[in-house]
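Peer 1: Just so you know, the protein sequences line up as chains A and B, in that order. So for the first sequence, the working numbering puts the first residue at 232; every next one is plus one. So for the second sequence, the working numbering puts the first residue at 232; every next one is plus one.
For the record, the hints were derived by calculation from the structure and aren't laboratory data. Since the model is a prediction, treat every value here as computed from it, not as a measurement. Beta carbons are placed, not taken as given, at the ideal position from N, Cα and C, and that holds for glycine.
Pair ranges (Cβ atoms, derived):
1. A:Pro474 with B:Tyr473: 54 to 60 angstroms
2. B:Lys246 with A:Ile457: 49 to 55 angstroms
3. A:Glu260 with B:Thr309: 44 to 50 angstroms
4. B:Glu475 with A:Ala261: 48 to 54 angstroms
5. A:Phe712 with B:Arg540: 50 to 56 angstroms
6. B:Lys246 with A:Ser255: 48 to 54 angstroms
7. A:Ser255 with B:Pro530: 26 to 32 angstroms
When the alpha-carbon atoms are kept at most 20 angstroms apart in a straight line, the in silico PhoX-like pairs for lysine-lysine are as follows:
8. A:Lys389 with B:Lys393
9. A:Lys602 with A:Lys808
10. B:Lys389 with A:Lys389
11. B:Lys393 with A:Lys393
12. B:Lys389 with A:Lys393
What the simulated footprint calls covered on chain A by chain B, stretch by stretch (three residues with Cβ under 8 angstroms from a Cβ of chain B suffice, anywhere in the stretch; the number is not a length):
13. 371–382
14. 512–526
15. 533–541
16. 545–553
17. 626–640
So the chains spell out like this:
There are 2 protein chains.
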Amino acid sequence: MKKGRKMYCGGYTGKIMRINLRESTAREEALPPDVARDYIGGAGFGIKYLFDELKVGTDPLGPENKLIFALGPFTGTTIPCASRMAVTAKSPLTNAVGVALTGGHFPVELKRAGYDVLIVEGKAPKPTYVSIKDGKVHFRDARSVWGTKTTDCQQIIKNELKDQNTRISCIGPAGENLSKMACIINEMRTAGRKGLGAVMGSKNLKAIAVRGAGSVTVASKEKLKIARGHMIKAMKESPVLYPEFSKTGTPSNVDNTCALGIFPAKNWSATGEFTPVEQIGVEALETRNVGREFCSGCPVGCSQLNLARTEPYAGALSEGPEFETLYAFGGQTGVDNMDAIIAADRLSDELGLDTISSGVAIGFAMELFEKGILGLADTGGLELTFGNHEAMLALLRLMAFREGIGDLLTDGVKIAAEKIGKGADKYALHVKGLELPGYDVRGAKAHGLSYATAFTGADHNRGYAFQEIFGIPVPNAVDRFAVEGKGKLTKWNQDVRTATADCATMCVFILDMAVSHFATQNTAALMEAVTGFSYTAAEIEEVGERINNLARAFNVREGFTRKDDTLPERVLTEPLKSGASKGHFISKDDLKKMLDEYYTVRDWNLNTGVPSREKLVELGLAYVADELGC
Amino acid sequence: MKKGRKMYCGGYTGKIMRINLRESTAREEALPPDVARDYIGGAGFGIKYLFDELKVGTDPLGPENKLIFALGPFTGTTIPCASRMAVTAKSPLTNAVGVALTGGHFPVELKRAGYDVLIVEGKAPKPTYVSIKDGKVHFRDARSVWGTKTTDCQQIIKNELKDQNTRISCIGPAGENLSKMACIINEMRTAGRKGLGAVMGSKNLKAIAVRGAGSVTVASKEKLKIARGHMIKAMKESPVLYPEFSKTGTPSNVDNTCALGIFPAKNWSATGEFTPVEQIGVEALETRNVGREFCSGCPVGCSQLNLARTEPYAGALSEGPEFETLYAFGGQTGVDNMDAIIAADRLSDELGLDTISSGVAIGFAMELFEKGILGLADTGGLELTFGNHEAMLALLRLMAFREGIGDLLTDGVKIAAEKIGKGADKYALHVKGLELPGYDVRGAKAHGLSYATAFTGADHNRGYAFQEIFGIPVPNAVDRFAVEGKGKLTKWNQDVRTATADCATMCVFILDMAVSHFATQNTAALMEAVTGFSYTAAEIEEVGERINNLARAFNVREGFTRKDDTLPERVLTEPLKSGASKGHFISKDDLKKMLDEYYTVRDWNLNTGVPSREKLVELGLAYVADELGC
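Bound-form chain A, shown alone (with noise of 0.2 angstroms):
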């Protein structure tokens, strides 16, 4: 071991680091071993702190939100595929909990850098950006990195810190200009979605830096060997994972949602109908791809460089489009042009904006355009017609500097319809106020559920049903048509998820491409060898059990009830015109029943979607009962 060089014991660094902004003050907490047991790690602790420390009606862009990052006690560690981090606040999109992901190499950084957990607090009287360096923590003013966009704001950071191994979080100016679709940046990934760069840039937050010579040890490296050896073999015997998933990535996902005709377009007007696998589908991508990247400790290496090739957006690169970029830029607005999606991609990545979101919204309005029910005086002279592609690229600086009716859409197609009325809410395609994701959920059911029911609005990272998407039959194969049993299954999959991936932390992909038929098994095995808890795959997926229930219990406290639990009124009422899912839709029934089998197996009450407090207390929650009254 080097001198300096820390070691940190059972996949924890066994420690939280409070940072206070409005007093510029960093404290040491330690990591409560019930807690690291219960909650294992990632969005686990997020959400456990957020529904301990937030007053309900907490304004999420008020100082009183909490912006916190965790990782999980795989990071840092030699299981593959683990460099992941949850980032977890009360969400200015939804007011309801949000969670992201990201990957890179920031999370294995921070782990080195000393900590498990990061809880942000305050607002910050001026610009500042804090730097973490082997477990010292310093706030430095960022007037140099203030307006700046998010590559930019890395590469001046570390040349202030002398110091080019700095790995960064930070936010880009939509991040600064509170945009309720900001996202969080470090390297070229994204912790994206429900508008997190929002409220880091509410409290005066625009980067935090980490660097650190720790490194993790585990409770058995014997167990860890044979543990690891059954993920990689598994792993390796992927039908999936190489060469095919490693050389393309998620853009394939085009190509597949299309022949399944759920590739979502034209603000989700014309699925199955504007299917532009040529124009933007994974061969389209072979001739701009010029390299990939590696998260930290991944093997595979999915992310893939693509440059555009064509005028006026020759030599744009960008760390994707990855498949929902292609949806919400391709498929949402009616783009077939590669080069401009790769740009919008690049471009959003640089002002700190979700792509999804963004090119929801800018398919919403397409669509408010196409109807008359918005003008060219709204749009400030921009023909927002399906395809523009210009219209498209200049949308997104406008929403991140609130300019124009970019101030409008920024916060969503929610708010935005509600501002905009004559029956634009009809064309506002969002749960819980979070943007649709790239399925037709009119052709795959227990994703539209997971929609539904998922705690941070329509999200795909919340139990997604790759049983319907990719067909693999696990826990059984499944009808992606039929309503029966997806209540079930939306329960397994939300669970499975949040405990495997979400606070172990681990690569969704490796996990539904390679381990997903053993995927408790594996967190299981790993979780004992890492942390020396020793678990069984019910356990572990009953952890993911306590955190859905948690957060629904936050979202509970905030006035959420089964009303909130539905879909866009046009996929509830509008069957899809062509394509292989041609006259399928989700009726109102149908969300009916499978939301009643959802509740039920869930033990939630039917009418009101509360949890009961037998489940609270079966969980460990008791204390979630009592604060909620049940």
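Position chain B against the provided structure of chain A, taking the given hints into account.
Peer 2: Then chain B, alone, in the frame of chain A:
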């Protein structure tokens, strides 16, 4: 000394690395002590090897041209402001000697990696980058960076090499597309002008990455302490270096040259009349300044980081704009939108376009458009009126990618004017093909003579007449409008600057602002301390004279004669109409008188401009006289 750390002696590593791109081979050669003694380093080495090794008539963009990166003996020592490097090749823009200097961190890192000089030969069979680490050279496939902008290129290479401390010198799309205005970029610094980026592109060489742990020792620490002490004292005593220049950098020269009536405007048609001091002078940058950058070992940090604040440019950051860029994208184009200039500056750096040449080309096209020589059909619909900043940004892209009218302009105004015909050459502001920098020499005649005679064409960095621009009375006070004495002054300016700045190597700003009154003594003392060679001040000046004669000989051999030592028609025939230099111009007779004086003091033939045999022999260049047959 750390293990593996190499120590180099006398300011030199003593090594030349000859890189053959066709064969992917690298061969070390010893740096001959007599070359080190007589040519010092930097541009001295570059021009020496270029003259000795290039055949007459070599195609600048053919594989036989050589691209030479050369450090000076001060680089990497404790001498401040000496992280400088000269890049030399036959210029595709002028067909004459092309030399460009750059600063930043790359030069010091190259020295630490083990080399004084890199001579790059041949053309790689496919896009390649070269990585040099502690003396070892690797040839790497540039597939991942070909087509990328310069910032992305540098980051991708750092990631590929898994070393964030690597320093990289690279080209952007402009260099790949063989724009004759392409430059070479390291960090956000530029080896600009003369199209050296195109030479790099013609060799399929995207980048050179360097990293090293070597350090430099000096001949006499005691002597260095004394000599360095004198220099630092002079810097501290400078009336302008701290805090003024340190705080504002070169942009304050906008205010100065406007006051002198020599800030060139609208393709030099409105100098003295269009003086946008408030809009693009130093005060306009105060509100946009976010910090500054320091070259390695520089205590001044003149390089200002500025951030555009208004749409559609908000968030654009540049390390600059320097004075010359404010001229090129401001005065010359009639643009008084500072945010547009910042955005154009950054875009040029990203595309790898020289700001001066591209700005002059844009102003040239604007005047042709306003005069009806170019129409909308020629410009692809762009309204090229003076002041149209959006058109300016669009043209930069077109020039870098050789699209539309950009394909014409990107070869420089001389060639473009020839192709356009219709009297366009009257508006083409260049000397020997190199576009005019930002001093309207009609009000600064030594400056004009230097543009006319510099071996690189109209180059403000060869013999800058700081006496005229800043009123510094070294070696004596001068009247900027006078003709007499300017030949002698220009020789002195050229020789002293070549030796002290371009060979030693050292930052010109420090030389001009702090040590101009003892520049050659300063360099002589530092040289003796560092290298152990003893020099008098006169001998330092003589090195400059040697190199100016050698470069002249190169150009003579390529066919240049006295007729090429001239100025654009506008400068020779149109008196300034407004401002503090109103009524002044350099008449043809003025130029003849100044040239006669200059040739006489240089001992060059008055008719042909060829150096005399006696002069060449006196300078130790008998072999050059033989080669020229004089």
